[in-house]
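Chemist: Whole structure, please, built from the sequences with the hints as guidance.
Protein chains: 2
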Amino acid sequence: MFEAAELGRKISRADFDALAASLRNELLDLQFALRTADFPVIIVFAGVDGAGKNEGVNLLNEWMDPRWIVTNAYGPPSEEERERPPFWRYWRDLPPKGKFGLFLSSWYHLPLMERAYETRTLAEMDERLERIIHFEKTLADEGALIIKFWMHLSQKAQKRRLEKLEADPLTRWQVGPQDWDHWRIYDKFTAAGEHIIQRTSRSHAPWTIVEGQDSRYRSAMVLTTVRDAVARHLETRAVARKVEAELKRPPAAALPPPLANQPSILSSLDMTTAVVGEAYTQALQEQRARLARLQQKAREKGVSTVLVFEGWDAAGKGGAIRRLAAALNARDRQIIPIAAPTEEERAQHYLWRFWRHLSRAGRTTVFDRSWYGRVLVERVEGFCVEEAWTRAFTEINDFEEQLAEHGIVLAKFWLHITPDEQLRRFQARQTVEYKKWKLTDEDWRNREKWPLYEQAVNDMVEKTSTRLAPWTLVEANDKNHARVKILTTTCDALQAGLKRRKK
Amino acid sequence: MFEAAELGRKISRADFDALAASLRNELLDLQFALRTADFPVIIVFAGVDGAGKNEGVNLLNEWMDPRWIVTNAYGPPSEEERERPPFWRYWRDLPPKGKFGLFLSSWYHLPLMERAYETRTLAEMDERLERIIHFEKTLADEGALIIKFWMHLSQKAQKRRLEKLEADPLTRWQVGPQDWDHWRIYDKFTAAGEHIIQRTSRSHAPWTIVEGQDSRYRSAMVLTTVRDAVARHLETRAVARKVEAELKRPPAAALPPPLANQPSILSSLDMTTAVVGEAYTQALQEQRARLARLQQKAREKGVSTVLVFEGWDAAGKGGAIRRLAAALNARDRQIIPIAAPTEEERAQHYLWRFWRHLSRAGRTTVFDRSWYGRVLVERVEGFCVEEAWTRAFTEINDFEEQLAEHGIVLAKFWLHITPDEQLRRFQARQTVEYKKWKLTDEDWRNREKWPLYEQAVNDMVEKTSTRLAPWTLVEANDKNHARVKILTTTCDALQAGLKRRKK
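Heads up: the protein sequence lines correspond to chains A and B, in order. In this text, residue positions in the first sequence follow the working numbering: the first is 1, and each later residue adds one. In this text, residue positions in the second sequence follow the working numbering: the first is 504, and each later residue adds one.
For the record, the hints were derived by calculation from the structure and aren't laboratory data. Computed from a predicted structure; not experimentally measured. Just so you know, even glycine gets a beta-carbon here, dropped at the ideal spot from N, CA and C. One or more of the hints may lead you astray.
Said to hold, decoys possible - Under the rule of at most 20 Å between Cα atoms (straight-line distance), these lysine to any residue pairs were calculated in the SDA-like manner:
1. B:K600 x B:T574
2. A:K10 x B:N961
3. A:K242 x B:A748
4. B:K659 x A:S268
5. B:K602 x B:W571
What the hints assert, rightly or not - Per the computed footprint, the stretches of chain B lying under chain A, defined by three or more beta-carbons under 8 Å from a beta-carbon of chain A, are:
6. 516 to 527
7. 623 to 634
8. 700 to 706
9. 720 to 731
10. 765 to 772
11. 889 to 901
Modeler: What follows is the structure, encoded as structure tokens:
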């Protein structure tokens, strides 16, 4: 694989200058066009030490307008980062639409090191690589352009390069003992590199191997590859938007009659369940005390909890969350109300705004509405194309799997009320002065789409209620029952999570 | 996940008849439209025994024209099948464009059983599932529509169903002791099923879970899902073709000047290498005897060999293959000349025609030109869109990885001659009467595209020369040297393969 990158390719100064004359303007023009485009550009630099990874990043920053470029380089995970799932730090740093994001020592660094130093088996490496493939696919599916450069040097050339850097007082700092360590296990490094490239070179995120010996050749390769890829992607996305418009279907078509009148997962609930009087007060107190105790332990052990609340309008999410939050130390929990995304959030992948809110170890994060908006409101209202919300089921499962693997306790609640009960509550809100603000026209409109939402909820539970992250359907006609069930389920999940951590 | 498929959904006879009236015609119309479409429909049935997998297959055969439907069900692999990589039998049975292919006990069967009976770890299952994801992606990328039904029953409902089948003398044969075995480990089955669905439900091949208790509901779900998916895919593909036309670029654009004039992997070869006189005769005899001995052992051990020959026109592929073949028992080897695909082959995925030629264990298969046509002639001549040939590198690596994993010895040869030498040979062919047929106008045309082909060869070696399946570049200006090098390399590879098998 790397034979083709050890041929001694080089470019003369005159040739390079001739190329550079037009190239700089082309790149600036493209960067300008990108600013109003609907996708970010993600550029990964990896490869052999001394082959020009840093130079590549600097080059792009020099040749283009650095205000529209975000550069990210990673060391060992910080304490903050270790407390979240491994991909948290990469999600946090993703460039928004219209910008370039350059990544050094990125998500490829760890698998490469682990294989070069043989601290992991090939099968374990492959698991990591599959996660990477899905990560990049998730971004590409939403339009991101991903360009990956593998900068290569032969072992001999690497030695010369390191010696040269060491000889110059100005660049000596760039070479550490680690570089020479890597040089000594060059073969293992390149074997691991070959495997990585082969596995993760997918059409949505291909690798370009760059011969790194001659700095002008290297620069020309990086710059022209970026230019061609961005130009092409601008064109492809423009066509894709036309296609989307052409394929646009009425949002969330209902099923044909005999299939539409079927019971849903919600119709199997016993909506008469209720807890009254003393039993309620006692259960509430008990479970809140239990939750406080468990949260204390969770804080000590660093076990985080993520609670997701979805449900019909007026189903009582707010009240349930308040009662739950009361049992938790405010320092140890955050409540994230999810409304329409902000401008900053709209410029990112739709999962980005949820990744960013993952808390440090031992805390509880309560999402009042969540990433499930994609397969609920966005599906029913047609805010995204069908292809996007059907794809979301997989993306959400991947996301939640990463939470679970990190030891995060995840509980998801759908608060269910009957249409009659909703009407009663809407009417009550209209009459009680201090509750009026809670009822909007949108609530009435949503109510008309009840069957479509019911179908969406049914699909959501079917596709995302997994052993790792099950849904709890809460019969919420009786608010007392709902609150006790939510508290009890949360406690049970946390208890089980603490037990798993002990093992 | 399966809670949503245990709700007791059913459809009355009257409702079903009302739906059926239009449905049958719609399906027949779609099937007719499909016949001239550019994609096949692959339908997988999996799930709980007794939930209607067989009935689903029969249903589609009854409701549509069975002449355009291929039904495939799999038992344990036959001796013939065990001698090839596991996916060979599925590739063989893929429906051509315009047809439906129904699959029972398909590629999902083994991972499901292994997990239910816990003969494999979850990590091993995940590896199998990744292969499946890539298999389905490869087909979908070429346009295939993939529909997957998971037929579900609760444990109680399954019991009732099995008892009912047993009670009827006409259906008693359908229930074996294995069905009851599966029923007893129902929980493990559904846990494995959930994991499979979650992992392999991708946007290019989503699962539909069908509640299997009521036969009319089940039928309506299967039939309407197929109808909607086919109708949608016909529409999507029509748009995709328009997009392809719009994005069509000049085939295989050459690199910009300073980057195009670079040495390629071919320019690093020493083209003066030659073997003459006695040395040639002796080396040839030695290596042929060695190959004969090794092939004998390979036959005994069941180690297969696949040899791939690519090279410039007139580089001497034919002569080299003849000399190599002479050392092998004709029973034990086959030579597959690859020309333009036949009509039958054009109706399939481009890799299909190579899968079909994989030989039984212990044999040698020589491909005179190969699957690399995709990234050579098809790329340079623009026979496929750029997106297709860039994707092919990954597809080819996946394919070859499956060969290697199965213990097949793989050697790939690029026969290189210089342009001058080619000209000399072309001219010689023109003058020698019995060689004239070998030279066509196309050869002259290809010659004009030398730089484009050289770039394509360089990329091919860079992206597909892997440790498992390396390319051997053969300096073929001297035919003797080429023949000896090919023989020796083949022997070395076979010897190493036999050694691996012993371990």
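Chemist: Do at least three Cβ atoms from the stretch 889 to 901 of chain B come closer than 8 Å to Cβ atoms of chain A?
Modeler: holds (count 6)
Chemist: Given the hinted pair K600 of chain B and T574 of chain B, is their alpha-carbon gap at most 20 Å?
Modeler: Satisfied, since the Cα-Cα distance of roughly 15 Å is no more than 20 Å.
Chemist: For the stretch 720 to 731 of chain B, count the residues whose Cβ lies under 8 Å from any Cβ of chain A; is that count three or more?
Modeler: Holds: 4 residues of the stretch 720 to 731 of chain B have a Cβ under 8 Å from chain A.
Chemist: Under the criterion that the straight-line Cα-Cα distance not exceed 20 Å, is the pair K242 of chain A, A748 of chain B satisfied?
Modeler: holds, 14 Å
Chemist: Can you take a look at whether the stretch 700 to 706 of chain B is actually covered by chain A? Rule is 3+ residues, C-beta closer than 8 Å.
Modeler: holds (count 4)
Chemist: For the pair we were handed, K10 of chain A and N961 of chain B, check the Cα-Cα distance against 20 Å.
Modeler: holds, 16 Å
Chemist: With a cut-off of 20 Å on the C-alpha distance, tell me whether K602 of chain B and W571 of chain B pass.
Modeler: It holds: about 5 Å lies between the C-alpha atoms, which stays within 20 Å.
Chemist: Per the coverage rule (Cβ-Cβ under 8 Å, at least three residues), is the stretch 765 to 772 of chain B covered by chain A?
Modeler: holds (count 6)
Chemist: Is K659 of chain B within 20 Å of S268 of chain A, Cα to Cα?
Modeler: holds, 17 Å
Chemist: Does the stretch 623 to 634 of chain B contain three or more residues whose Cβ lies closer than 8 Å to a Cβ of chain A?
Modeler: holds (count 4)
Chemist: Are 3 or more residues of the stretch 516 to 527 of chain B near chain A, judged by a Cβ distance of less than 8 Å?
Modeler: Holds: 4 residues of the stretch 516 to 527 of chain B have a Cβ under 8 Å from chain A.
Checked against the numbered hints above, the structure violates none of them.
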